[in-house]
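Between the sequences and the hints, there should be enough to build the whole structure, so can you do that?
Chain by chain, the residues run as shown.
Protein chains: 2
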Amino acid sequence: MGGAILVLSGPSGAGKSTIIHKSETYIGEYYFSISTTTRLPREGEENGVDYYFVSKEEFEEDIKAGQFLEYATVHGNYYGTSLKPVAKALSENKLVIFDIDIQGHRLVEAKMGDLVTSAFITPPTLAELKRRLYSRSTDDKSIIEKRVENAKNEIKAINEFDFVIINDDIDKATEEFITIANASRLKLSEKELKNLIVHWQNNPS
Amino acid sequence: MGGAILVLSGPSGAGKSTIIHKSETYIGEYYFSISTTTRLPREGEENGVDYYFVSKEEFEEDIKAGQFLEYATVHGNYYGTSLKPVAKALSENKLVIFDIDIQGHRLVEAKMGDLVTSAFITPPTLAELKRRLYSRSTDDKSIIEKRVENAKNEIKAINEFDFVIINDDIDKATEEFITIANASRLKLSEKELKNLIVHWQNNPS
Chain A
25 MGGAILVLSG PSGAGKSTII HKSETYIGEY YFSISTTTRL PREGEENGVD
75 YYFVSKEEFE EDIKAGQFLE YATVHGNYYG TSLKPVAKAL SENKLVIFDI
125 DIQGHRLVEA KMGDLVTSAF ITPPTLAELK RRLYSRSTDD KSIIEKRVEN
175 AKNEIKAINE FDFVIINDDI DKATEEFITI ANASRLKLSE KELKNLIVHW
225 QNNPS
Chain B
25 MGGAILVLSG PSGAGKSTII HKSETYIGEY YFSISTTTRL PREGEENGVD
75 YYFVSKEEFE EDIKAGQFLE YATVHGNYYG TSLKPVAKAL SENKLVIFDI
125 DIQGHRLVEA KMGDLVTSAF ITPPTLAELK RRLYSRSTDD KSIIEKRVEN
175 AKNEIKAINE FDFVIINDDI DKATEEFITI ANASRLKLSE KELKNLIVHW
225 QNNPS
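If you're matching them up, the sequences are chains A and B in order. Each residue of the first sequence is one higher than the one before, counting from 25 in this note's numbering. Each residue of the second sequence is one higher than the one before, counting from 25 in this note's numbering.
Some hints could be false.
Because identical chains share one entry, a pair is satisfied inside a single copy or across any pair of copies.
Quick list of in silico lysine-lysine cross-link-like pairs, BS3-like style, CA-CA up to 30 Å [said to hold, decoys possible]:
| # | residue 1 | residue 2 |
| --- | --- | --- |
| 1 | Lys218 | Lys180 |
| 2 | Lys154 | Lys165 |
| 3 | Lys218 | Lys135 |
| 4 | Lys196 | Lys176 |
| 5 | Lys176 | Lys218 |
| 6 | Lys196 | Lys218 |
| 7 | Lys170 | Lys154 |
| 8 | Lys154 | Lys176 |
| 9 | Lys218 | Lys154 |
| 10 | Lys170 | Lys215 |
| 11 | Lys170 | Lys46 |
| 12 | Lys80 | Lys165 |
| 13 | Lys118 | Lys46 |
| 14 | Lys218 | Lys170 |
| 15 | Lys196 | Lys46 |
| 16 | Lys154 | Lys215 |
| 17 | Lys215 | Lys176 |
| 18 | Lys196 | Lys215 |
| 19 | Lys180 | Lys215 |
| 20 | Lys170 | Lys80 |
None of these hints come from the bench; they were simulated from the model.
Shown next as structure tokens:
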């Protein structure tokens, strides 16, 4: 069985990073895809850990060179996923985990849908999302309000996802995530399915 | 979270019953849907355990009365799933497991697709399928050959399934089944998704 892809989406403040962190010894070998962005680092964020932080010019050059699996503009900044490390991880039979938005999810489904399982992670309510964003206090009010508006729009697309994790209890949400991650590895690629069908037709005894 | 449906398909001889039996203490509360059929019981099969065995006339009356979630003709016999016990189990938040063929799967997806996760279970090779069917020796040669032909056709539809379990090691196949069964419970119904979306739009603080 080859590698597989797990797409995670959901508003900032949904708890995605915490859930992945708490799950990491229970989901086998994986590669967490690090996005490239033109937005400025928040306090405590590191280049090559949280994101690859690049200039707008560098990002646009990479677009032209076809280096992105997907990219999009959110709140006026570019966000994208470089193709190379993903292809490498898949060839090593790893589970590739993406933390991307619904636009990114659509693009990855369109390009590699046969390998993709997707989950939308959300806080239980809008009020709880606001509470978390304000208590994290890394962003100012106008950015938080933008994030909240964005969340209201994103949640309308939850029916595009295979699974929804409602994070009102971090341990329960983590357990659900582990189950989904382990199931997502069991997807066969289109190529593997085709080989199986051909094999069954051509081996009459 | 409400009930959910797990559809299992695959040739007789794939090991479905064994896998379900070995999994049963690891997948939570479930209802294994018992099909109704007009075919004759094999040796050792019990009415109400393996199938509900009924006459062709009874079956056709139930079709007219709209009692079936799905039904089909295979090898000249009727096979069908009665609606009532499924609805009851779903209302009790159970996982409903179906062991049905690819026609049945299509019909269940059409009627209750939002609740359905599906897995196709297959022996690794056609030769291995034959070996298992002959060593089980409950059917005569002509029936086995029919099953083998049927398997060759069914396997062409594996891309319609969310997951494929290749049963070449019963413990590994069982573990994969348990993972899939637990993930399938995490599906939200269309109604639950709609409620979530509405809730997020209407609670601005």
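Hint check results:
1. Lys218 x Lys180: between (35 Å within a copy, 9 Å between copies)
2. Lys154 x Lys165: within (10 Å within a copy, 67 Å between copies)
3. Lys218 x Lys135: For Lys218 and Lys135, the Cα distance is within 30 Å both inside one copy (18 Å) and across copies (28 Å).
4. Lys196 x Lys176: Within. Shortest intra-copy distance 24 Å satisfies the 30 Å Cα cut-off; inter-copy 42 Å does not.
5. Lys176 x Lys218: Only across copies: Lys176 and Lys218 sit 13 Å apart there, 40 Å inside one copy, limit 30 Å.
6. Lys196 x Lys218: between (37 Å within a copy, 22 Å between copies)
7. Lys170 x Lys154: Within one copy only: 11 Å inside, 61 Å across.
8. Lys154 x Lys176: within (12 Å within a copy, 55 Å between copies)
9. Lys218 x Lys154: between (47 Å within a copy, 21 Å between copies)
10. Lys170 x Lys215: between (42 Å within a copy, 28 Å between copies)
11. Lys170 x Lys46: Intra 28 Å, inter 50 Å, cutoff 30 Å: intra-copy only.
12. Lys80 x Lys165: within (25 Å within a copy, 70 Å between copies)
13. Lys118 x Lys46: Answer is both; intra-copy 18 Å and inter-copy 28 Å each pass.
14. Lys218 x Lys170: Intra 45 Å, inter 23 Å, cutoff 30 Å: inter-copy only.
15. Lys196 x Lys46: both (11 Å within a copy, 25 Å between copies)
16. Lys154 x Lys215: Close across copies (25 Å), not inside one copy (44 Å); limit 30 Å.
17. Lys215 x Lys176: between (38 Å within a copy, 18 Å between copies)
18. Lys196 x Lys215: Classified as between: cross-chain Cα gap 22 Å, same-chain 35 Å, threshold 30 Å.
19. Lys180 x Lys215: For Lys180 and Lys215, only the inter-copy Cα distance (13 Å) is at most 30 Å; the intra-copy one is 33 Å.
20. Lys170 x Lys80: within (21 Å within a copy, 64 Å between copies)
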